[in-house]
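Produce the complete structure using the sequences and hints provided.
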Amino acid sequence: LPVSIQSVSSSVPSTTIPTDSKMAKFLQSYGYDLILGSIAAIYVVMAPYTKVEESFNVQSIHDILYHRHHLDSYDHLEFPGVVPRTFIGAVIVSIFASPVVSIISWLGFPKIFSLVAARLVLGCIILSTLRFLRIQIRKKFGYQVESFFVLLTALQFHLLFYCTRPLPNILALGLVNLAYGNWLRGHFYSALSFLISATVIFRCDVVLLLGPIGLEFLLTKSISFWKSLKYCVGTAVVAVGLTISVDSIMWKKFVWPEFEVFWFNSILNRSSDWGTHSVHWYFTSALPRSLLVAYPLSLLGTFLDRRVPFFILPVLSFVILYSKLPHKELRFIISSVPMFNLSAAVAASRIYNNRKKTVWKLANMVMLALFAISAGCTVVTFMASYYNYPSGYALKRLHQISHPANVAEEEWVHIDTFGAMNGISRFCEDAFPWRYSKEEEIVVEEFRNRNFTYLVNEHPSVDGYKCLFSEEGFDRLELRRGFPPIVLVKRVKVYVHRNMKKEDHLHKKWPGTGC
Numbered sequence: 061l062p063v064s065i066q067s068v069s070s071s072v073p074s075t076t077i078p079t080d081s082k083m084a085k086f087l088q089s090y091g092y093d094l095i096l097g098s099i100a101a102i103y104v105v106m107a108p109y110t111k112v113e114e115s116f117n118v119q120s121i122h123d124i125l126y127h128r129h130h131l132d133s134y135d136h137l138e139f140p141g142v143v144p145r146t147f148i149g150a151v152i153v154s155i156f157a158s159p160v161v162s163i164i165s166w167l168g169f170p171k172i173f174s175l176v177a178a179r180l181v182l183g184c185i186i187l188s189t190l191r192f193l194r195i196q197i198r199k200k201f202g203y204q205v206e207s208f209f210v211l212l213t214a215l216q217f218h219l220l221f222y223c224t225r226p227l228p229n230i231l232a233l234g235l236v237n238l239a240y241g242n243w244l245r246g247h248f249y250s251a252l253s254f255l256i257s258a259t260v261i262f263r264c265d266v267v268l269l270l271g272p273i274g275l276e277f278l279l280t281k282s283i284s285f286w287k288s289l290k291y292c293v294g295t296a297v298v299a300v301g302l303t304i305s306v307d308s309i310m311w312k313k314f315v316w317p318e319f320e321v322f323w324f325n326s327i328l329n330r331s332s333d334w335g336t337h338s339v340h341w342y343f344t345s346a347l348p349r350s351l352l353v354a355y356p357l358s359l360l361g362t363f364l365d366r367r368v369p370f371f372i373l374p375v376l377s378f379v380i381l382y383s384k385l386p387h388k389e390l391r392f393i394i395s396s397v398p399m400f401n402l403s404a405a406v407a408a409s410r411i412y413n414n415r416k417k418t419v420w421k422l423a424n425m426v427m428l429a430l431f432a433i434s435a436g437c438t439v440v441t442f443m444a445s446y447y448n449y450p451s452g453y454a455l456k457r458l459h460q461i462s463h464p465a466n467v468a469e470e471e472w473v474h475i476d477t478f479g480a481m482n483g484i485s486r487f488c489e490d491a492f493p494w495r496y497s498k499e500e501e502i503v504v505e506e507f508r509n510r511n512f513t514y515l516v517n518e519h520p521s522v523d524g525y526k527c528l529f530s531e532e533g534f535d536r537l538e539l540r541r542g543f544p545p546i547v548l549v550k551r552v553k554v555y556v557h558r559n560m561k562k563e564d565h566l567h568k569k570w571p572g573t574g575c
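For the sequence shown, the working numbering assigns the number 575 to the last residue and increments by one with no breaks.
Only true hints are included.
Derived SDA-like pairs (lysine to any residue); straight-line CA-CA distance at most 20 Å:
no.: 1; residue 1: K312; residue 2: S133
no.: 2; residue 1: K456; residue 2: D490
no.: 3; residue 1: K312; residue 2: H130
no.: 4; residue 1: K171; residue 2: H130
no.: 5; residue 1: K388; residue 2: S345
no.: 6; residue 1: K312; residue 2: L131
no.: 7; residue 1: K456; residue 2: E470
no.: 8; residue 1: K562; residue 2: E470
no.: 9; residue 1: K287; residue 2: P272
no.: 10; residue 1: K456; residue 2: A480
no.: 11; residue 1: K388; residue 2: F221
Hint data in this document are derived by calculation from the structure and do not stem from the laboratory. Source: prediction; values computed, not measured.
As structure tokens, then:
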């Protein structure tokens, strides 16, 4: 069971590890950050590819790092997406990642290393804001609650897996964490300012969190209406000015991205085009999967400490309000996870402190069992996610197997929509002679008359091309008797084809062919 690093170091005899040593002080200050950061880094290294949800920021980071001021070469001008997004997050990540990427380029490493570096930079930014929140938890609730907060976060998959993924929700999460930390400190106006900035710049739906928190501040007389109005309007004006200034340059037109997102999703309700879920989905699917053991513990925590409801009720209201929108995804409510973890940590600490009492002893045993189950669920979920980027692995395999040496002509690879959505980004591309096309709306029959060298797509056969190999991806989890009780079921998701006009590769032996 977790105890604070400070208490651990103080309990060890000074002859072994002096409490005033630099290492002990370092661990007291950054030990928990190393734990969470190491887990997040493992996720990045093991699954470096990205999906369609994060494609805009991934491509933007790539273009800022490699094309810099040559805006005409930027991906978003050719593939603008349904609605514009802000460049501010991509600019911040690129600034910090640029020195590392320069070294990677100088050493001649593939660009996928630059993607890993950029994602690690983003992870450091988000985890630094989580560190700020964690320190405020320690000051308000004590070292032991802080320890359980870290343990619960480490046992959960989604928060640490997502914290390195350049989603608008994650960029907003950084500001939301700062808002939570200031909320715990009693700096209510600062908390509102961070929430407004997140709403205006990164995710307009943060207003669903801003509303309940601001209302609670007013009802509890934590803030005055007129002073808060002054702070909110001032922050909004600065934030709007910043995003319009930056994004109008990058998009080459006057634009406030999040206002257009708000209009598209909320006013036109077009987000439903991407699927809908039942009104209870966040509470019956998303939160149980993201919180795991913290889900029941967070409910218990609201009854065990009278301070907790003040922080939980607005966050709970946020999830309830979001449930009214038909299109639902787990990442939409990822910003609620830290506060639910706080409530769960309070409950876990109370159970641990009373573990020697009869009733609490049983609760402690159940909690330990749930910790173990949560760890197992996280491992299984990560393995499923590892196989969730088949296109990225397929392109990497094509580069490795068919790297053309001493080739004067360009080798053109066409990537279909499915491939671009499931693992392939500009960071996956290699230098000459490789060239890439994401041209859309090409019917399968038309490829025969096109001069592509390779195709990476979801079609098992294409007229005029020979299937070289296939790549499997995650399909579903299957329960079975025996060990292991849960099995990952994979199926072929992506096929790589070679143009039959290119006779030199047709008789080559392609290992692991699944066509």
